[in-house]
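*Asks:* Working from the sequences, and respecting the hints, build out all of it.
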Amino acid sequence: MTTSVPSQDNTHRLSTPESDLLDLLRDGRSYTVEEVLEEAPELSWAQLFIAMDKLSRSGMVELRREGFTYCLRKAEPWSAVNGSPPHR
Numbered sequence: 004m005t006t007s008v009p010s011q012d013n014t015h016r017l018s019t020p021e022s023d024l025l026d027l028l029r030d031g032r033s034y035t036v037e038e039v040l041e042e043a044p045e046l047s048w049a050q051l052f053i054a055m056d057k058l059s060r061s062g063m064v065e066l067r068r069e070g071f072t073y074c075l076r077k078a079e080p081w082s083a084v085n086g087s088p089p090h091r
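Just so we're aligned, residue 4 is where the sequence shown starts under my numbering, counting upward by one.
Hints were generated in silico from the structure; no laboratory data involved.
Any given hint could be a false lead.
Said to hold, decoys possible - Here are the computed lysine to any residue pairs in the SDA-like style, where the Cα-Cα straight-line distance is at most 20 angstroms:
| no. | residue 1 | residue 2 |
| --- | --- | --- |
| 1 | 57 | 78 |
| 2 | 77 | 65 |
| 3 | 57 | 18 |
| 4 | 57 | 40 |
| 5 | 57 | 39 |
These numbers come from a predicted model, not from an experiment.
*Replies:* This is how it looks when you write it as structure tokens:
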């Protein structure tokens with residue numbers, strides 16, 4: 004589901020599953036897939052899976068398997084000072 008949300012310049016932009024997920028992960032904590040679905044009930048499993056796939060492949064979120072579930076959090080930015088880029 005996409006919704007129109009106001010942006011900083013008072014124009015409207017479409018909310019995407021990827022932007023919804025990044026907004027949720029902004030606090031820096033780790034969420035299980037189930038917690039994400041509880042916090043963002045507008046996302047279907049399929050929308051969440053595709054958003055997680057796109058964002059993890061682009062390096063914007065970290066996706067880790069923990070037991071029988073997956074956890075995700077916003078990826079830390081890296082630079083040449085900090086070492087090599089994150090592994091994908």
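*Asks:* Decide, hint by hint, whether the structure agrees.
*Replies:* Against the structure, the hints:
1. Straight-line distance between C-alpha atoms of residue 57 and residue 78 comes to about 13 angstroms, which keeps the hinted pair within the 20 angstroms bound.
2. Between the alpha carbons of residue 77 and residue 65 the distance comes to roughly 6 angstroms, so the proposed pair stays at or under 20 angstroms and holds.
3. Our distance criterion of 20 angstroms between C-alpha atoms is met by residue 57 and residue 18, whose separation comes to about 16 angstroms.
4. For the hint pairing residue 57 with residue 40, the CA-to-CA distance comes to about 17 angstroms; that is within 20 angstroms, so the pair holds.
5. For the hint pairing residue 57 with residue 39, the CA-to-CA distance comes to about 16 angstroms; that is within 20 angstroms, so the pair holds.
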